[in-house]
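Student: Sequence:
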Amino acid sequence: MTAAASVITRFAPSPTGHLHVGGVRTALFCWAYARRHGGRFILRIEDTDQKRSSEDAARGILEDLAWLGIHWDEGPIWAPRHAAAAGVHPHSVADSGPTTIGGDPRSVGPFFQAQRLDIYNRHLDALIERDLAYPAFDTAEELDALRREAATRKETFRYRRRPGYDRDAALRRLRAGEPCVVRFRMPDEPVRVTDAVLGEIDFTEEHLDDFVLRKADGFPTYHFAVVVDDELMGVTHVLRGQEHLNNTPRHVALQRALGFRTPVYAHMPLIFNADGSKMSKRDKDKAVRRAMPAAADTQASVMAATSLSPSDLATWLADKTRQLPTDALLSIARALDLSLPEIDVEDFRRSGYLPEVLCNYLSLLGWNPGMKHADGTDLDRFDMTFLAEHFSLDRIGKSNAKFDRDKLLAFNQAAVAALPPAEFDRRWREWCERYDPALPALLGDRFALAARAVQPRIRTLGQCREPIAFALWPDDGVTFDEKAVEKTLRKGDPTGLAVLRDFLPTLESLADFAPEAIDAAATAFCESRSLGMGKLAQPLRVAVTGSTVSPGLGETLGLIGREGAVRRIRRCLETL
RNA sequence: GGCCCCGUCGUCUAGCCAGGUCCAGGACACCAGGUUUUCAUCCUGGUAACACGGGUUCGAAUCCCGUCGGGGUCACCA
Numbered sequence: 000m001t002a003a004a005s006v007i008t009r010f011a012p013s014p015t016g017h018l019h020v021g022g023v024r025t026a027l028f029c030w031a032y033a034r035r036h037g038g039r040f041i042l043r044i045e046d047t048d049q050k051r052s053s054e055d056a057a058r059g060i061l062e063d064l065a066w067l068g069i070h071w072d073e074g075p076i077w078a079p080r081h082a083a084a085a086g087v088h089p090h091s092v093a094d095s096g097p098t099t100i101g102g103d104p105r106s107v108g109p110f111f112q113a114q115r116l117d118i119y120n121r122h123l124d125a126l127i128e129r130d131l132a133y134p135a136f137d138t139a140e141e142l143d144a145l146r147r148e149a150a151t152r153k154e155t156f157r158y159r160r161r162p163g164y165d166r167d168a169a170l171r172r173l174r175a176g177e178p179c180v181v182r183f184r185m186p187d188e189p190v191r192v193t194d195a196v197l198g199e200i201d202f203t204e205e206h207l208d209d210f211v212l213r214k215a216d217g218f219p220t221y222h223f224a225v226v227v228d229d230e231l232m233g234v235t236h237v238l239r240g241q242e243h244l245n246n247t248p249r250h251v252a253l254q255r256a257l258g259f260r261t262p263v264y265a266h267m268p269l270i271f272n273a274d275g276s277k278m279s280k281r282d283k284d285k286a287v288r289r290a291m292p293a294a295a296d297t298q299a300s301v302m303a304a305t306s307l308s309p310s311d312l313a314t315w316l317a318d319k320t321r322q323l324p325t326d327a328l329l330s331i332a333r334a335l336d337l338s339l340p341e342i343d344v345e346d347f348r349r350s351g352y353l354p355e356v357l358c359n360y361l362s363l364l365g366w367n368p369g370m371k372h373a374d375g376t377d378l379d380r381f382d383m384t385f386l387a388e389h390f391s392l393d394r395i396g397k398s399n400a401k402f403d404r405d406k407l408l409a410f411n412q413a414a415v416a417a418l419p420p421a422e423f424d425r426r427w428r429e430w431c432e433r434y435d436p437a438l439p440a441l442l443g444d445r446f447a448l449a450a451r452a453v454q455p456r457i458r459t460l461g462q463c464r465e466p467i468a469f470a471l472w473p474d475d476g477v478t479f480d481e482k483a484v485e486k487t488l489r490k491g492d493p494t495g496l497a498v499l500r501d502f503l504p505t506l507e508s509l510a511d512f513a514p515e516a517i518d519a520a521a522t523a524f525c526e527s528r529s530l531g532m533g534k535l536a537q538p539l540r541v542a543v544t545g546s547t548v549s550p551g552l553g554e555t556l557g558l559i560g561r562e563g564a565v566r567r568i569r570r571c572l573e574t575l
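Take 0 as the starting number for the first sequence in numbering that gives the first Met the number 0 and just add one per residue.
Hints in this document: simulated from the structure, not taken from any laboratory.
A hint or two may mislead.
[Claimed, not checked] Derived CB-CB ranges, DEER-like:
(1) N367 <-> E199: 22 to 30 Å
(2) P504 <-> K371: 53 to 61 Å
(3) A519 <-> K397: 55 to 63 Å
(4) R321 <-> T193: 17 to 25 Å
[Said to hold, decoys possible] Mimicking BS3-like on lysine-lysine, the simulated pairs with C-alpha atoms at most 27 Å apart in a straight line are:
(5) K401 <-> K280
(6) K406 <-> K277
(7) K50 <-> K401
(8) K406 <-> K280
A virtual CB, placed ideally from N, CA and C, is assigned to each residue, including glycine.
Go ahead and model the full structure; you've got the sequences and the hints to work with.
Tutor: Take a look at the structure:
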């Protein structure tokens, strides 16, 4: 590990929405690479698109990263106290990490590009001065015309400064404040990009154009801001998605013009949906649109669940490019009994995935540690500490990956099951506070027992209500599954009903109604009568839950409580 | 369409750079058995891939060429 301290990476999202899984993986790798080499990891907000950027989105991204445990050394300051002020629960920040994330110890900030306009302009002026950049006054219509013209000749349009360009006149117009963009004079020579993942890639000059450095609104373009900031912030390694590969020669040429260093580039394979389509925030809208019934009255009932007006819904239904707020989407999905596809970090969090599992799974998309267990199986379950110790550029793959929800689910289930019970209890409570605040109140002091019953039976925290749903019903609200009743209560010799009647006094007189005591009593009862456990357990299940499926007998009865259990069994005996 | 990248089981991948130990290993999914009071676990076993065609070589998943296929990108978005 030579020159260890010299590594500086950054994650630079644009704040146009929640962080999505592709972004998470990029952030994760940047973070891990910096950690691995004892370097620094910067978070920078690329908010140069005034129309699409929002402070809310920026805050959401910080929140997402903090929850994932991807902590930045430099960048916007994030602290639990600030979180509380923003209406976010302080527990949402991982316990293990520092309480405050970010800051500007080297004074290379600010970390919002919109606050760095002076810096960009300074470098831009220097380029204009040397005629390496120049103002251009073309209108959108003129550019369109040029593009169309190129298209009819079956050529790719590429903007280059015309031979007769009058620089002095252009500079006069610029100083006069005439609206214009400033373009880079792309040198007429090929550019070779060296990539740590893909190797050496040559781009010939005829495909490189005089791209825009500063937009008419005075903001820098992504290309310009990224090159300036990476240099000023000392970024040594740029890890990003392969969609940026074709931008790289532009950045390299710009760096040369500005006398900047070229960082090490590592372009990562892309992540797609299981069906090969692009993972998009619109997938959620798409899913709801597809499930939306045609009938007007059903639509109306669905809409009642949201604050939408009929016209809002109509325009959204008609225009496939429109997106509904997540809240609305969620309520409609609930009304339709539909689960939305998870795309953003927030979606996975709401579904109840563990942050460390999401990180583990995502880091396996396009990378792997290349290590085996003693039994020869591949090492593929690991935590953030492991990632930080073993992540390396040379094990990043080249081919795109499809996101496999089943595998994520399997990882999550295993991780949930492996949690110490007290830890599971804590995590579930935390999740409930944010997404199901009514549940802890409903469960009251039964929460711990519910946690115990639920932990080995769920894949995500969002599924926790399911295995213990019976415990939330009123005692006279059990609906009996007819098939179960027939099979476990009416048939057999003795019948289930007879066994129940026989067992009821035992239950009523139990000194201790803890799961262990219940199970012990049930076992003793069966042994004394030479009955198989199923002869008692199944009738009991049906009597108190209505079905043959439930957690362990002791847990099930314990959750309902002695009084409730007796009441439910009596009711069963009386009505059937 | 131009340019660029990629191509091992259904999916994620190991193996490729330094050709033989690979009739290709693991994980998820799937199928079949088993354990268990139901469910969920857990255990055992199984199906399943080197895109295709040439070449180099004693020998190619591994090196070279071509074909086909997939993806990215061609903005005053990032």
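Student: Please go over all the hints and tell whether each is borne out by the structure.
Tutor: Evaluated hints:
no. : hint                      : in the structure
1   : N367 <-> E199: 22 to 30 Å : 24 Å, holds
2   : P504 <-> K371: 53 to 61 Å : 58 Å, holds
3   : A519 <-> K397: 55 to 63 Å : 59 Å, holds
4   : R321 <-> T193: 17 to 25 Å : 43 Å, violated
5   : K401 <-> K280             : 16 Å, holds
6   : K406 <-> K277             : 19 Å, holds
7   : K50 <-> K401              : 31 Å, violated
8   : K406 <-> K280             : 21 Å, holds
Of the numbered hints stated above, those contradicted by the structure are hints 4, 7, listed in ascending order.
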